[in-house]
Every structure is written in structure tokens, then in C-alpha cells.
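Undergrad: Sequence:
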Amino acid sequence: IIKVSNQLRKISSLNAKTPNVSNNSKALNFPDYLLSCPETKITTLSNGLRVASEKWHGNTASIGVFIDAGSRYETEKNNGAAHFLEHMTFKGTNRRNQTEIEISVENIGAHLNAYTSREQTVYYAKVFKSNVNYAVDLLSDMLLNSKLDDRAVEKERDVIMREMKEVNKQKEELILDNLHEVAFQGTGLGWTILGPKKNILSLKSDDLRNYIKTHYTAPRMVVAGAGSIDHDYLCELSEKHFGHLPTFPPPGSIVDADPAKFSGSHKRVSVAQDETIQLALAFEGVSWASEFSFCMMLIQTMMGRWDRAHGRAAASPLCRDLSENELCNSFSMFNTFYKDTGLIGMYLVTQPETINKAVELSLKHILDLCNHVSEDELSRAKIQLKASMLMQLDSFSSICEDVGRHMLVYGRRITPAELFARIDGVSTMDVKNCANLYFNDEDYALSALGPLDDLASYDQIRNL
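If you're matching positions, the sequence shown starts at -2 in the working numbering and goes up one per residue.
Some hints could be false.
[To be verified] Cross-link-like lysine to any residue pairs, in silico, SDA-like; alpha carbons within 20 Å at most:
no.: 1; residue 1: 195; residue 2: 156
no.: 2; residue 1: 210; residue 2: 240
no.: 3; residue 1: 126; residue 2: 230
no.: 4; residue 1: 144; residue 2: 83
no.: 5; residue 1: 336; residue 2: 179
no.: 6; residue 1: 237; residue 2: 74
no.: 7; residue 1: 38; residue 2: 249
no.: 8; residue 1: 258; residue 2: 73
no.: 9; residue 1: 194; residue 2: 126
no.: 10; residue 1: 144; residue 2: 194
no.: 11; residue 1: 144; residue 2: 109
no.: 12; residue 1: 354; residue 2: 210
no.: 13; residue 1: 195; residue 2: 163
no.: 14; residue 1: 210; residue 2: 249
no.: 15; residue 1: 379; residue 2: 29
no.: 16; residue 1: 52; residue 2: 73
no.: 17; residue 1: 74; residue 2: 211
no.: 18; residue 1: 264; residue 2: 441
no.: 19; residue 1: 38; residue 2: 402
no.: 20; residue 1: 383; residue 2: 32
no.: 21; residue 1: 201; residue 2: 84
no.: 22; residue 1: 152; residue 2: 126
no.: 23; residue 1: 162; residue 2: 194
no.: 24; residue 1: 88; residue 2: 138
If you are wondering where the hints come from, they were derived from the structure by calculation, not from laboratory data.
Sequences are here, hints too, so could you generate the full structure?
TA: Here you go:
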């Protein structure tokens, strides 16, 4: 077991073509619930579109179209186009108007939804197994044949502006957007997903059509399925409905996202009338495929999360110290992966009089990882991380999303067995090396909102 774990730990990248760990499952002594997971079948169509699916028992299936495009791939001029397009795809196609889409989905008891992130756009449907054909047909029709009527675009501006107002009322959303703005200044990762107000009010139908032509090419799309679904049948449907997609964008199109550049900086929004301060502080993290990605997941788990509303009990030493000293209302460690970078840091809600002590104590625990990592704490974090990962795969929709996301970021599906093996392969020395590389004497990005008069300066926090 130790020998195999050491070999796994030395793998430099998840993109590397390594043997499926499940092949060594007997040596690693995996539990039955990991070994019983079905195979992820993958097929690449002639135009470059990938189809990936897992067949499970049951009477339902989840189908998703995962697109390697999000706000990061936009420009200052069209920032917000991906999210705007997400809204417009539900407004009708050349074959179905909005009402027909809504009624047909309700008539078969299906669920249809979509979301846009900084690096991905996803459209998905949950249906009975007898309606898989309809789901693929509808998703392709909405994605590729949306009418993008000028009047509908004008009407949707008000909807998105109301959504922006609601998002800005959610302090955590606002603070994390501000964090990205200062951490990745002047790059696509610094854009918001909704885009600025001026873009929402000025984007035209042609802007949305150009976005589709540029980014909705076959090699950047994955059709994923999970549940009661036959892989060959899904490939047949994908060929029928997506086989005409071009492999390349029009000549001269700006396709690739600009490289991420982390900036040590801060943005403080002073709101004197607020009773609490909400603060996010992050170091530059790692990419999905980094050799330290699992170390970062475990560091996030070791630091933990705590909320005063749930009582004083806290599992992690950091959360216990914050709780016992009454330094904050809540604390959480967050970890976000992107293609070529990431963010790892803490989110605090606290009182003005305790903000500096809370930040100092939190950073002390994080920086202590550079010199000391407890075997017991690491073991506890491994168990928690494994449980969290499995709990996130408790439905066909979750499995479908996992398959689609893995195909975009890794180029393959990482099985639960391999995930467990990679988690087990992380040692205390790996965590210390990771902490020294990314935390020790490194710049950070900070976003804060509230009564900030007493909050320490950037340099004061940097020198703690």
C-alpha cells in the first residue's frame, strides 16, 4: 500500500496518462462501494466533440452539455456575453418558442437548467430514460438555434439588471467578485460573470451570435450523461444533433483566455453603518492539474469552517481557537481551482474590534503548516475530504456534472478510487512543502466590506 501511494504522490500532473488506479484496486484494498462504480465510457466524434457517460441502474438520466467557455474568455467589451446568452437560450428557438419549451419540459416531468462560471458554461436536463432523445434534441436546439430576437434581448436586459441588484445584496458574492478583481487585475479571471452595467445595457444580438461562433466549437464541448443511459445511443444522438458543429472558429477570432497574473492587492469598501466586517483574504493557489491540488484540498479541509449559529463546538484547531476566543461570527477556508492558477484563502465575518486578532490568528494557523503538520489532523482531513467527495456524487445530476467537468479540466474522468488513492498519497511533508511554496512570505489579495477604520493596512497584515 505504501509503495503504491508513494508512486501516486510522485505523479507530477493529473493530465498525465497514468494507468487507471482501479486496476490496482486489490493492492490498495478499496471498499466495495468504490469498486462497484461503473466505467466512464468516452467517445470522440469526427468533429472533435467528446461524449462521456456512466450507466447506472434506475429509470432516470441526466444529460449535460459542458462548454469550455465562460466570463474568462470574454473581453472588456463583451464581458457578460456568456451569462446573457444563458438567459437568451431559454427564450425560444426557430423550432420552439419559449412557451413551447416550458410546457414540453413540464409535460414529461423533466428539469432543465443552466449556469455560467468563469471558465465553463453548462446546460443540463434531468429526464426519464425514455426521454433521453428529447433531452439531447432540446439542448442542442437551445444552444445552437436560439433566435436571439432583438426585442427579447432588450426585454432581458431588465431581468439581468434585477439579477445584478440581487447579487450585489449578497455580501459574500460581492466580496468574492471584488477579490477576483484585485487578485487578477487586467485579466479575464478578474471579470465578473454578469459583466458591468454598461455591457448589460449595450450588448446586441450580433455580439451573442459572434460569441457562439467563436466559442461553441466541437472540441470545446462535452456531452455527458449519467443514469439509465446507453453510451452508444448517446453517441448516436450527439452525432445527429451536434455532428454539424465546426471544429474551428472563424478566422481571426480571439479564442484563448489570457494568462492569469496574480496581484498582491486589496479592495476595501467602507460601510460605516454595518455592524460586522466581512473579509476574504487569499493567496495564489494552484490549477486543477497541479501536483499540489490534493494538498490544497486537504489544507482547506484541515483549516475547516465554523459558524457561531451552530454552537461553540469546532473540529479544527483554528476554528476552536476562533470560537473559544470569540473572535468571529463565522470562518471558512475556500479553495478555487482554475486552468492555470487558483485561489486559496479564508472568509471571515467578525466585529470591528476583533477583526485584526481574527486575521492574525487565522494566518498564524495557516502559516504554521509551513513547519508542522499533525498526522492526526491530516488523517482526519483525509476522511472528511473523502466523505465530502462521495456525498457530492449522490445523484445522477451530480455524477453527470462531475464527468463533464473532469472531461473539460483533465481530459478524462478520474474515478472515485483514484481520487481516494491520490488523497491517501499525500504526506505531512507534501503539505509542508505546499504551504512553504504558496503561503510563506507570499503576497496576498484581500477584499473587505463593512466598518473598516480599524482594519490593519496591507503591509501590516503582510508582515504578521
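Undergrad: Is the Cα-Cα distance between residue 52 and residue 73 20 Å or less?
TA: Roughly 42 Å between the alpha carbons, so the hint for residue 52 and residue 73 is violated.
Undergrad: Would you mind confirming whether the straight-line C-alpha gap from residue 210 to residue 240 stays at or under 20 Å?
TA: Within the cut-off at roughly 15 Å; holds.
Undergrad: Decide if the proposed pair is consistent with the structure: residue 195 and residue 163, CA atoms, cutoff 20 Å inclusive.
TA: Distance ~17 Å between residue 195 and residue 163 Cα, so the pair holds.
Undergrad: Given the hinted pair residue 258 and residue 73, is their Cα-Cα distance within 20 Å?
TA: At roughly 16 Å apart (the allowed maximum being 20 Å), residue 73 and residue 258 satisfy the hint.
Undergrad: Hey, residue 38 versus residue 249, does the alpha-carbon distance stay inside 20 Å?
TA: The hint is violated at about 35 Å.
Undergrad: Holds or violated: are the alpha carbons of residue 38 and residue 402 at most 20 Å from each other?
TA: holds, 15 Å
Undergrad: Holds or violated: residue 195 and residue 156, Cα atoms, limit 20 Å.
TA: At roughly 15 Å apart (the allowed maximum being 20 Å), residue 156 and residue 195 satisfy the hint.
Undergrad: Hinted pair, alpha-carbon criterion (20 Å max): residue 162, residue 194. Please report holds or violated.
TA: Holds, at roughly 10 Å.
Undergrad: Verify the proposed pairing of residue 144 with residue 83, using a straight-line Cα cut of 20 Å.
TA: holds, 13 Å
Undergrad: Checking one constraint from the list: CA of residue 237 to CA of residue 74, max 20 Å. Satisfied?
TA: violated, 35 Å
Undergrad: Between residue 383 and residue 32, does the CA-CA distance stay at or below 20 Å?
TA: holds, 15 Å
Undergrad: Below or equal to 20 Å on CA atoms is what counts here, so check residue 74 against residue 211.
TA: holds, 15 Å
Hint violations for this structure: numbers 6, 7, 9, 10, 12, 16, 22, all remaining hints satisfied.
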